[in-house]
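Quick note, the sequences are listed as chains Z and L, same order.
Quick note: the first sequence, position 34, residue 34 per our numbering, numbers continuous.
Quick note: the second sequence, position 200, residue 1200 per our numbering, numbers continuous.
FYI, nobody ran anything at the bench for these hints, they're computed from the structure.
As the structure is a computational prediction, the values presented were derived from the model and not from experiment.
Be aware that one or more of the hints could be misleading.
[Unchecked claim] Pair ranges (Cβ atoms, derived): (1) Z:E270 x L:R1593: 21 to 31 Å; (2) Z:Y55 x L:R1035: 52 to 62 Å; (3) L:R1593 x Z:K50: 19 to 29 Å; (4) Z:E107 x L:I1256: 53 to 63 Å; (5) L:L1041 x Z:A176: 18 to 28 Å; (6) L:F1333 x Z:K59: 20 to 30 Å; (7) L:A1689 x Z:T99: 25 to 35 Å; (8) Z:R242 x L:I1605: 16 to 26 Å; (9) L:W1359 x Z:D172: 52 to 62 Å; (10) Z:A176 x L:G1460: 40 to 50 Å; (11) Z:Q214 x L:R1593: 30 to 40 Å; (12) L:Y1455 x Z:T58: 33 to 43 Å; (13) Z:D172 x L:L1041: 50 to 60 Å; (14) Z:Y55 x L:W1700: 34 to 44 Å.
Cβ coordinates follow ideal geometry from the N, Cα and C atoms, glycine included.
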Amino acid sequence: MNLLQSDTRDRNKPPLTDSATITSVRDIRLSVCYSESPFLRECHMIHVQKLTKRYSPTKLAVDELSFSVTSGEVYGLLGPNGAGKTTTLRMLLGLLPPTSGDARIEEHSIMNAPVEIKRRIGLVSASAGLYQWLTPREVLEYFGWGYGLKPDVIRRRTEELTDVMQIGDYLDQRCATLSTGQTQRVNLARALIHDPPVVLLDEPTRGLDVLGAQVIFDYAARLRQDGKAIIVCTHKLEEAERLCDRFGLLHRGRLQQEGTIEELRAATGETSLVEMFLKMIGPVNPEERIA
Amino acid sequence: MTQTAEKPRRESESVSRQIFHLTRKELRETLRDRRTIITLLAMPLLLYPLLGLGFRYMAVLNARAETPQVLLAFESEDEALWTQDLLKTTDALRENSEVDDTTDPSLEFELFITEDGMSLSESLMEGYAELGIRVSMTEPITRSGPRGRSVELIQVAGSAISQRAADEMERRLAAINVITLSDIVKDTYPEFNLPVTRTFDTVEPVGKTSAILGLLPLVLLLMTVTGGVYPAIDLTAGERERNTLETLMALPVPHIRLLFAKYFAVITVTMLTGLMNLLAMSVTVYSLQLEGTLFGENGLTGLVLLKLFLVLVAFAVFFSAALLALTSSARSFKEAQAYLIPLLLLAIAPGFVILLPDWELTRMTAIVPIINVLMLARDLFQGTASPLLALAAVGTTLLYSSLFLFIAARIFGADAMLIGSRGQWRDLIDRPAEFARTPTAAAAGCLLAFLFPVYFVSSGLLQRMADASIAQRLTASALLTIALFVGIPLLFAIWRRLRVLTAFRIATPGLSVWPGVVLLGLTTWPCIFELVVLVESTGLQKLTEQNMDRIQALLDAWRQVPIWVVVVALGIVPGVCEEFFFRGFLFSGLRSRTNGLLTILGTAIAFGLFHVVLAGGAAPERLIPSTLMGLLLGWVSLRTGSMVTTAIMHGIHNSTLLIMAHKRDELANWTVTAAEQSHLPTTWIIASAVGIVVGTSWIWLTTRQPKT
């Protein structure tokens, strides 16, 4: 099948499992969730429906994007620069109002309950900075208050995250003195201070060395085990393959293909995500490299 | 394990605690930054001692200036000795009260002989002396004074001290002459007295204080603002620059709450800066013993300081909000700084108003931002502040602060801030590839910004046509109006590929609205006229005699041409052309970006500001009436969906007003109105009000959307 000529609106529907191989209990759970039964729709922690963002009459960033992510699933939203990944995440967070369409986190719509949505999401962005004059402990405390946590909860969560993220050595050091990897770990801890059911990871391993990236992978695996719904945007496709359960390939704001790696291989005839991408976007434009 | 962020416990307690903790973070971040500390501590500690020393130096110079030493140049020693004798004689006469109190004892003279080969004029030109004296030496000096001497005084042109010295020498020479003649006459007639004697005295004007006292509030308040500038930028534009804005906006906290935390932090730093300034100023004044010189006999008391502190609070509340409103729309430090420079200049400019003697804190000035607080601070220094006006000044300042905060909350964290602006300047100038129905708000704003100075300069140039006939001037005025409000916008629209009919909102509404439009055009002017009179009576702006004379001359000049020429040139053409731009192009541009209310408001304010500009000057008394007229025109245009209706209404309004002005004397003869009276007859005003109510109701009824 030629991916570029495929009808993406049909493809936006969650794929049925009959063409995929069920390999684990979790896969069975996912396959049940993606069935069309309305009684099982509640499995979807994130449910995006025809989400569209138009910045100007000539600039369409996201075009009727639909996908769903269940609890305990890591969903990779992949695409070249300007594909609309970050815009999608910002709309999910309620930072940008969509032009049309809707998205629901649990039972809350981004259109009607932006505050409830924000309570349920943790955002980790590679570009996110930290407050240079504060210490990581103060950053965690600040965001804890921002999320409306009680002081004892903030303390407990800070201790937990300090252990998991291994940030104890510089917990009381000014953020301005931290390295890129240390900053990213603090950022991850900051995003998880309120223990959200949904985590959005935007290029989470950018700037990290192998060990640093491994911490992120390990924690993502733990989050998955805890039943979080995770969306990952990354340019490291080999990492995406390791990290994600399913993928949505985004190009020019439209979802071109979606499925597990096996489903994508079956659909495209390509073996790796890189090859699938190159096929999807056609001849490589110098200004439109894979992100 | 998932717990999600907790829902608020008790809402009010939760909100206040949350704001407290959010504010604490902002303060931590700000106060740990040494740049803030430098502004906060170092600047006042350095500035006020320096200002104090400067003031003391000025005071010493002033003291010297009060008893200046004047160098008198002579060509010979005999002349110098003669003059020295003259000075001693007149000093003795003054001490014995034998002459009128006309000499200036504060001047101290020093005499010197010019060097060989240098003339008196040359020594004065070179600056060696203030006054040259040449005396023709023929006879010795006696008690009765020098007789038959000719004294020539040579002064330096344009030099005040030289003039003062010459005046003093002239007075002394006159005194010698008078006393000599008096002595001679008394020898013959012992009862003789001079027919007129003069005495001089001086009094201090009420409320006169040191000139520097007027500057102190300005210095104090500007220094206070300086403290708030850096935190305001850092906590808003800085969030974006260091990429923390997105995570901040991802918090489940309303924007206004986040902004409140930032606002409290900026106020706190601003207040701390203000306190440091107040402290540094007080210590400087006290240690340099300047309190008496600056603040009079009561000095700088604790009560004055307390009142000043309260004014500083009001000022900090206002400026912190204004700073945040500006910096919230900036995407970087550089951009924020670019926005703040005009704000600081705007703050300084009215600051000098308080130095003008006629500007007092009145009902009107108490509501003018910045000026009201500066005047209040000055009055507090002088101990003349009125509690009611102080309350009005503080109250309105708090009101303006709320407005700024509201604006800041709307801007902070908005789309454009988060994702960055996609527009660039070239977009406003380049020719687009596709046709568009309406201009963008930015394009309309740019054209407005371009037209305003062009209009200002053109009006000035028109004023220079004083020698031209009235017909020529009227023609030029009409052509200029057409070129500015129709020609330029039309060319711009064509270049930008805008559909003229939609961009200028040229549409013909149904026939049913026209009676209302015509009625409004005919009946609005008496109310507008009364508004001008009302504005004048409040004291905001007085029509000077010069202005009145000019208006009268203009009215007389108009009578030289047929009335229809005046009506076309000054009534119909401006009415139609101004509507073409304001309710046409500008209206459609703003409407593409915002709602109807803000569009009406924006176009009305621009309309009002344009009417303040007059040929060769400004007419601030026209601002409020013209803006209100703009509101009415905007409303009619919005309801009817066209600028054609308002063009007709505006043209009728202008024409009616001009005809009434032209026929003013005839109306006075019919006792309809008296030319001397400033107010129109009450019946006219009532009829106008009724006309406005009926006209607006008519338009409202005929433009209602049928309910489906």
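**Message:** Tell me the numbers of any earlier hints that the structure contravenes, in ascending order.
**Reply:** 1, 2, 4, 7, 8, 10, 11 and 13
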